[in-house]
Amino acid sequence: MDILSKEKKLAKLEKQINDLGDSKAVEKLKLEIESYKKKEMTKLTAWDRVLLARHQKRPTAKDFINYISPDFIELHGDRLFRDDRSIIGGIGTIDGIPFTIIATQKGKNLENNLLRNFAMPHPEGYRKALRLMEQAEKFKRPILTLIDTPGAYPGIGAEERGQGHAIAQNLFKMSQLTVPIIAVVIGEGGSGGALALGVANRVLMLENAIYSILSPEGYASILWKDSTLAPKAAEIMKLTALDLKDFEIIDEIIKEPLGGAHYNKTETFKNTKIAIMAEFHKLRRLSGTELHYRKITKFRNFGFLQRFNYENLGGIKR
Amino acid sequence: MNSISKTLNKRKKLKKNLKNKISEGTYNKVKNLDVPKGLYEKCPSCDKTINMKKNIENDYICNHCGNHFRMRAIDRIKYIIDEDTFAEKGLGFITLNPLFQDGYEEKLAKYKKATNLDEAYIYGFGQIFGQPCVIGVMDSYFLMGSMGSVVGEKVTKSFEYAIYKKLPIVIFTASGGARMQEGIFSLMQMAKTSSAVASHSNMGLLYISVLTHPTTGGVTASFATLGDIILAEPNALVGFAGPRVIEQTINQKLPEGFQRSEFLEEKGFVDKVIHRKDLKRSLAKLLALHRRSY
Chain S
0 MDILSKEKKL AKLEKQINDL GDSKAVEKLK LEIESYKKKE MTKLTAWDRV LLARHQKRPT
60 AKDFINYISP DFIELHGDRL FRDDRSIIGG IGTIDGIPFT IIATQKGKNL ENNLLRNFAM
120 PHPEGYRKAL RLMEQAEKFK RPILTLIDTP GAYPGIGAEE RGQGHAIAQN LFKMSQLTVP
180 IIAVVIGEGG SGGALALGVA NRVLMLENAI YSILSPEGYA SILWKDSTLA PKAAEIMKLT
240 ALDLKDFEII DEIIKEPLGG AHYNKTETFK NTKIAIMAEF HKLRRLSGTE LHYRKITKFR
300 NFGFLQRFNY ENLGGIKR
Chain F
0 MNSISKTLNK RKKLKKNLKN KISEGTYNKV KNLDVPKGLY EKCPSCDKTI NMKKNIENDY
60 ICNHCGNHFR MRAIDRIKYI IDEDTFAEKG LGFITLNPLF QDGYEEKLAK YKKATNLDEA
120 YIYGFGQIFG QPCVIGVMDS YFLMGSMGSV VGEKVTKSFE YAIYKKLPIV IFTASGGARM
180 QEGIFSLMQM AKTSSAVASH SNMGLLYISV LTHPTTGGVT ASFATLGDII LAEPNALVGF
240 AGPRVIEQTI NQKLPEGFQR SEFLEEKGFV DKVIHRKDLK RSLAKLLALH RRSY
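As you go down the protein sequences, you meet chains S and F in turn. The first sequence runs 0 to 317 under numbering that gives the first Met the number 0. The second sequence runs 0 to 293 under numbering that gives the first Met the number 0.
What the hints contain is simulated information worked out from the structure, not anything from laboratory work. Because the structure is a prediction, the values reported are computed rather than measured. One thing to keep in mind: the hints can contain errors.
[Claimed, not checked] A short, non-exhaustive set of chain F residues, derived as facing chain S with CB atoms under 7 Å:
1. N234
2. G238
3. T248
[Stated by the list, open to error] According to the in silico footprint, chain F covers these stretches of chain S (three or more CB under 8 Å from chain F):
4. 198-209
5. 212-224
6. 235-242
Quick reminder that beta carbons are idealized off the backbone N, C-alpha and C, glycines included.
Looking at chain F on its own, in the form it has when it is part of the complex:
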């Protein structure tokens, strides 16, 4: 009797430790990033407390109100791309800090460690329900997903790779705009990426851009809004100038739902607002519809 209870207790302890370890692990991972601060968090739209671990399992969607949280680039690829088909390309670029700003390199190193990305954009080859494509994802946890020299270069490279392989390209945008720390070079990335889109488009290839929360500034004014098909996630902030800047300029409060994806759909700048759960299926369908049929 005694021995049995002993072993049972032991197993219970082990299980408890294991559980603690797992939750600690995710907790630390989440803690390193600045936005999801803990295991439990309040949903900004319905004010209910939600378990972030469960939330991540639920593709970062709130269980109660369906609010879409920001998604990390790696999770996005895991969610959209078929298992074991993703091959990352274009690693290993570093910026040379053109304005010689103090602390910029250290800042980048910190974000690299926290997000396990080399820049705010990753791309590669992948399949969506068997449909081959090039996929590029911006990560808003990396310095607000801002576009500097390296992000611009990698976006351009992803289009060039798609041209080389004659593949359609799907890009998920999430960015605060051009990266100020790199000054004029960030601005020039807008022209660079736009002309890359043009070259890809001239080859008769498909470019689907998916606008996710938040997409503003220089990214909106370049490759994000140049897609043949522009999709958006529900309630994502999409616009050229940030809401704070507009409020300061015109000195009045902005109406509710302004610059959200539903607003853009109504104004005719987005083809369709799609719920995250339907996204993969819709993308696969769109890619299939754009195969050469003759």
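So here's chain S without its partners, still in its complex pose:
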């Protein structure tokens, strides 16, 4: 039974409570709910976390920004082609400190999602992000990025305007910035589209967020030619926060309330804000050169391999 059907069962129980007026029965049902939550909602498989990360009610980047930085001013446009609505960027203060905040925005309903292009940015979105980051570098503002995207948009227009080039430029320039960058994966972190905002000094992740090279569906369809095997793919892909922390790909995990972020949004936002500010206060002590150097060495060491060894040469002769 996956997480969504568990949620349905919970909702059913809660509805039963509302229907009943009798206080004894209510107490009993409430206890049942509590025990069920503790028993079932803590045992999450990787596929459950994928479902939670894509959950319809999961708070979007804008909800996070509204809580973390209430005075956020959005800035539009990449100055080259147009404004991409799937990436929002601007300036806002967090605890009185001005931050440049950049985030990929999912929609809450279909109409909104069409406007936001399901949080799949076009090249102009990445160029807007880069413009704002360069602005932050100029005014020595720290940068916060919130990542929640299935990936960069694969389409004719995106290819015509150089999707690959735009992402590569972001990776190139972000690795060179000397202001503190903190990235938080709040939902889905899919492939190069997520990494283009994720070359940061500190990468945090919500407990039920995922970060992967491609979607479990894509992985299953490429390896086993069957996209319905996605749950199986999710288990072996190592895309959950816990696995990535083990690999030291991410630095910190932010706790979510029982059952997922949407059960208690304020608590999620609060935890996120505390985690971000804790990391920022660690980073603000470092000089620009130090920040740059540490970021480069951190990414330099990513790789799961054995270094030089004569035995590894095997039979290669040339």
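Fit chain F to the known structure of chain S by using the hints.
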């Protein structure tokens, strides 16, 4: 008379055997790889049957229509780099199979044997018409040239070697993207290689990237499109998302020539599309033009 004819026959036989041996040899070599399946093959662009042996001698270009076939990394180096100047670096890395996938190591071993490479990327020092440079070549016959931990590490190492020696670098890209079998680690190679390009660029050194068929996915979105000068071979597929993925997403057929190098040149993402026969001369010229003059 009789003895003479006998010896002649003998020589004929010997010659025949020798010929058979040679053709068998190349045939087997070619058979091990998955794409050129035989000695004769149909050109995908003009549908004419061509002799693959002659085709290889002709730098993998179709005699009839000039279509560029995929080229193996070792042949590429033989073709671009002056004789006896190539010194390979950075051998001996192996991946540790981060997702613990069954059969991945065996698959790699199979490709290693078939291509005689240790990974999908080789690099080293070389000279192009006497111009010293670091050359890196991806091989699309090795697991579609996909970028995993080892390829990312070797690409980064080649940039570091170029920084250490203060040399320009030329990279031939041919890749299907990041290697899925290594999951998130392959993704991180994009950031790793891009920051290596940045370090090299900060030293004021030249990086020429040559896009060959096919260059897609994570490689396009990292070091392939970060060159100071970006060249491309004619009719090479270059793009971020593969054509099949785009077709599935937008539910319509793609126009002809979409994502080909000429298309990219028109859109302004490639400096020049260069025929394979002119490539070596152009590279040497570009390298010469970028020597410090003061």
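Results of checking the hints against the structure:
1. N234: N234 (chain F) check fails; min Cβ-Cβ to chain S is 16 Å, beyond 7 Å.
2. G238: 5 Å, holds
3. T248: 5 Å, holds
4. 198-209: Since 1 is below three, the answer is violated.
5. 212-224: It holds: at least three residues are needed, and the stretch 212-224 of chain S offers 5 whose Cβ sits within less than 8 Å of chain F.
6. 235-242: Per the Cβ count (4), the hint holds.
In the structure shown, a violation is registered for the earlier hints numbered 1, 4, in ascending order.
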